[in-house]
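Visitor: Given next are the chains, with one letter for each unit.
2 protein chains.
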Amino acid sequence: MVPPNVRTASVETAVGTRAGKLSRSTDSTMLPVAVDAMGGDHAPSEIVAGALQANSDDGIPVLLVGRPDEMGDTGELDVLEASESIAMDAEPGSSVRRMKDSSLVRAAEAVRDGRASAMVSAGNTGATMASALLRMGRISGVARPAIATLIPTPSGSPTVLLDSGANAECQSEWLVQFAQMGAVFARHRLDVAEPRLALLSIGEEPSKGSPFVKEAFAALSDAEIRGATFIGNVEGRDLMTNTADVVITDGFTGNVALKTAEGALKALLTALLGAMGGRPEAVEAADVLAPELDTLYRKFHPDTYGGAMLLGVRGVCIISHGSTNALAMRNAIGVAADMVRADVVGHVTAAVST
Amino acid sequence: MVPPNVRTASVETAVGTRAGKLSRSTDSTMLPVAVDAMGGDHAPSEIVAGALQANSDDGIPVLLVGRPDEMGDTGELDVLEASESIAMDAEPGSSVRRMKDSSLVRAAEAVRDGRASAMVSAGNTGATMASALLRMGRISGVARPAIATLIPTPSGSPTVLLDSGANAECQSEWLVQFAQMGAVFARHRLDVAEPRLALLSIGEEPSKGSPFVKEAFAALSDAEIRGATFIGNVEGRDLMTNTADVVITDGFTGNVALKTAEGALKALLTALLGAMGGRPEAVEAADVLAPELDTLYRKFHPDTYGGAMLLGVRGVCIISHGSTNALAMRNAIGVAADMVRADVVGHVTAAVST
Chain A
673 MVPPNVRTAS
683 VETAVGTRAG
693 KLSRSTDSTM
703 LPVAVDAMGG
713 DHAPSEIVAG
723 ALQANSDDGI
733 PVLLVGRPDE
743 MGDTGELDVL
753 EASESIAMDA
763 EPGSSVRRMK
773 DSSLVRAAEA
783 VRDGRASAMV
793 SAGNTGATMA
803 SALLRMGRIS
813 GVARPAIATL
823 IPTPSGSPTV
833 LLDSGANAEC
843 QSEWLVQFAQ
853 MGAVFARHRL
863 DVAEPRLALL
873 SIGEEPSKGS
883 PFVKEAFAAL
893 SDAEIRGATF
903 IGNVEGRDLM
913 TNTADVVITD
923 GFTGNVALKT
933 AEGALKALLT
943 ALLGAMGGRP
953 EAVEAADVLA
963 PELDTLYRKF
973 HPDTYGGAML
983 LGVRGVCIIS
993 HGSTNALAMR
1003 NAIGVAADMV
1013 RADVVGHVTA
1023 AVST
Chain B
673 MVPPNVRTAS
683 VETAVGTRAG
693 KLSRSTDSTM
703 LPVAVDAMGG
713 DHAPSEIVAG
723 ALQANSDDGI
733 PVLLVGRPDE
743 MGDTGELDVL
753 EASESIAMDA
763 EPGSSVRRMK
773 DSSLVRAAEA
783 VRDGRASAMV
793 SAGNTGATMA
803 SALLRMGRIS
813 GVARPAIATL
823 IPTPSGSPTV
833 LLDSGANAEC
843 QSEWLVQFAQ
853 MGAVFARHRL
863 DVAEPRLALL
873 SIGEEPSKGS
883 PFVKEAFAAL
893 SDAEIRGATF
903 IGNVEGRDLM
913 TNTADVVITD
923 GFTGNVALKT
933 AEGALKALLT
943 ALLGAMGGRP
953 EAVEAADVLA
963 PELDTLYRKF
973 HPDTYGGAML
983 LGVRGVCIIS
993 HGSTNALAMR
1003 NAIGVAADMV
1013 RADVVGHVTA
1023 AVST
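Respectively, the protein sequence lines represent chains A and B.
Here this note's numbering is used: the first residue of the first sequence is 673, the next is one more, and so on.
Here this note's numbering is used: the first residue of the second sequence is 673, the next is one more, and so on.
The following block holds chain A by itself, in its conformation from the complex:
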């Protein structure tokens, strides 16, 4: 077992501990995690480095997918050759249809064909979703898959935000499924026994929001979501508090909120570091505060949480930030393995069929 502080950097209390699920020697009882070696701003070097760490330090079997001649030293990891690579800014749908020998498509096929237990990519988000959707397929009864992302909070558990970008336009009844899937995810990813679900709106009262949100409110109020409680509307300012465990929204609003939060944190950290680089006394004081600032930085950095999960497809698919480095990739692979072992896909299947 990897100590919990590795996968979650210094925020093990924030994301819960998942002790006892992994062994330090490679786990021979699970299929490998397929890792898109070609995806991400720092691919393939940082991706391969993270995969090697996940394997050697965390005992997770990994299958690297991509062009072997570009990967450098891959140690004893298995490699699945794929000759093509989908660019970060390529049009997702057509790329996935056209580039059948791309690392993303091959990784999704490896899960579909039972050669891998999960896929992880830091590449083109849209193409990752499209590969997973087209090759693994949707879970029976799921209208649309959704991306679940963890938003840090100063104390307590992070908040699950979904859909954080899979569906730019949603129908209000899909949000009930997002709630069902998000509740399963919160239970297994964050160890929250009875997640509190909320709907993202612009006021707490059911009368607040767009007609779409009011419809979704009614649908969520009427729905039975097993093992979870719908607590009503929350606002953007509640995302980073301990108000709700899972916040439900359409993929457009969710993506705007996610990126606004990331941007705000970055702006404040930038300003903070700038302010501390001025007067000599300030520089000195900042040095003293280095441990506190480091903890804070890691707590609020997107890489800490090891990527988002595409919920609703027939396999574990972890979507990492484009900026993923080796540590973030190691975390993402660890999350993928945890989600496989917790059988999140099976639990989502059961949840949406009720």
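If you are wondering where the hints come from, they were derived from the structure by calculation, not from laboratory data.
Owing to the predicted nature of the structure, the values given are computational and were not obtained by experimental measurement.
Built from N, CA and C at the ideal position, the CB exists for glycine as well.
Hints should not be assumed to be uniformly reliable.
[Claimed, not checked] Residues from chain B that face chain A, not an exhaustive set, calculated with beta carbons under 10 Å:
id : residue
1  : GLY837
2  : GLU907
3  : LEU911
4  : ALA954
5  : LEU961
6  : GLU964
[Stated by the list, open to error] Subject to a maximum C-alpha distance of 35 Å in a straight line, what follows is the list of computed DSBU-like cross-link-like pairs (lysine-lysine):
id : chain 1 : residue 1 : chain 2 : residue 2
7  : B       : LYS886    : B       : LYS938
8  : A       : LYS886    : B       : LYS772
9  : A       : LYS880    : B       : LYS880
10 : A       : LYS880    : A       : LYS938
11 : B       : LYS772    : A       : LYS772
12 : A       : LYS886    : A       : LYS938
13 : B       : LYS886    : A       : LYS886
14 : A       : LYS938    : B       : LYS772
15 : B       : LYS880    : A       : LYS938
16 : A       : LYS938    : B       : LYS886
17 : B       : LYS880    : A       : LYS772
18 : A       : LYS886    : B       : LYS938
19 : A       : LYS886    : B       : LYS880
20 : B       : LYS880    : B       : LYS938
21 : A       : LYS772    : B       : LYS886
22 : B       : LYS938    : A       : LYS938
[To be verified] Computed footprint of chain B on chain A, listed as stretches where at least three residues anywhere in the stretch have a Cβ under 8 Å from a Cβ of chain B:
id : region
23 : 812-820
24 : 903-911
25 : 934-942
26 : 949-961
Given chain A, work out where chain B should sit, using these hints.
Guide: Relative to the frame of chain A, chain B by itself:
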């Protein structure tokens, strides 16, 4: 003239300077700013205190509106009696229709009737909008008024976000008017000669976003917005950078983004202050950094910017945060006076009639 550093706290460079427009003796050439003395979490004491400061220190004539017996010492300020007060959580439309002798309705009527040049309230946002809309009326040709809010950035000028909450559901063509009004506001509020306008979406390409956003993109691309440049889509993470001067969106998305940004800043500041209150060495270092932290805090605090402006109604209407204290109210009254002197309402009228 009040030194620019008063109204903008310590961020005068960030919000531009408006020197030379006010005199320290009360300006007899302008009608008073009507201030809703009853609105806000700290009303009436902090509101009255801010109004007194705006008058005595900044030379701005003020008309306090509300229940005189609750206001305490109002010095030499004029008072307009209003017997009712709309609660912070009251339903806006019906309250404004029913409570004809409320401070909000009377303040809006004072502007309509030529007794005041502007209105300012830290009370119920929806009721403030409804009062302004019903009593002052819409500018001819404006489909819907919109709220323009300033979002801080680490360096350079803040970003104007509109609509940040007036319209929970929008038609895509309204966003062209939001752009026209936002350009006028950026020019006069931030002294940006040729504002860069952008549309809030979930990717830079015109193909990204919901059908609504794609329609708005096309409409903004085709429109001629005098004295401004449409630079295309931006994402949530660009709100707090120097990418665009004005970011256009529907009121639902805008309100979620605004509150998410506020929540993220608050979460990080809370965590920062918490981290600095631990080890004795950290506490000491934080003391040394007090001037830097204070500047930072004020730069990113919503009160610094003196409230949002409701654009599209026939008068200046400034909407302040519910948490408004005396300094924030003084700032808001100063902004109201600036907007009156710059004839922003006249410029908006001209901009939407082109």
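Visitor: Interface hint check: B/ALA954, Cβ to nearest Cβ on chain A, cutoff 10 Å. Holds or violated?
Guide: holds, 6 Å
Visitor: Given the proposed pairing of B/LYS772 with A/LYS772, does the C-alpha separation stay at or below 35 Å?
Guide: violated, 68 Å
Visitor: Would the pair B/LYS880 and A/LYS938 pass a check requiring their Cα atoms to be no farther apart than 35 Å?
Guide: holds, 23 Å
Visitor: Between the alpha carbons of A/LYS880 and A/LYS938, is the straight-line distance 35 Å or under?
Guide: holds, 30 Å
Visitor: Within 35 Å, alpha carbon to alpha carbon, are A/LYS886 and B/LYS938?
Guide: holds, 28 Å
Visitor: Is the interface hint satisfied for B/LEU911? The criterion is a beta-carbon contact with chain A at less than 10 Å.
Guide: holds, 6 Å
Visitor: Taking 10 Å as the limit, does the beta-carbon of B/GLU964 come near enough to a beta-carbon in chain A?
Guide: With a closest approach of 4 Å, the B/GLU964 hint holds.
Visitor: Grab the minimum C-beta distance from B/GLY837 to chain A and call the hint holds if it beats 10 Å, violated otherwise.
Guide: Holds - the Cβ of B/GLY837 comes within 10 Å of chain A, reaching about 6 Å at its closest.
Visitor: Are the Cα atoms of B/LYS938 and A/LYS938 separated by 35 Å or less?
Guide: holds, 13 Å
Visitor: Next pair to validate is A/LYS938 with B/LYS886; report whether the Cα-Cα distance is within 35 Å.
Guide: holds, 28 Å
Visitor: Next pair to validate is A/LYS886 with A/LYS938; report whether the Cα-Cα distance is within 35 Å.
Guide: holds, 33 Å
Visitor: Within 35 Å, alpha carbon to alpha carbon, are B/LYS880 and B/LYS938?
Guide: Holds. B/LYS880 to B/LYS938 sits at ~30 Å (cutoff 35 Å).
The earlier numbered hints that this structure contradicts are 11, 14 and 23.
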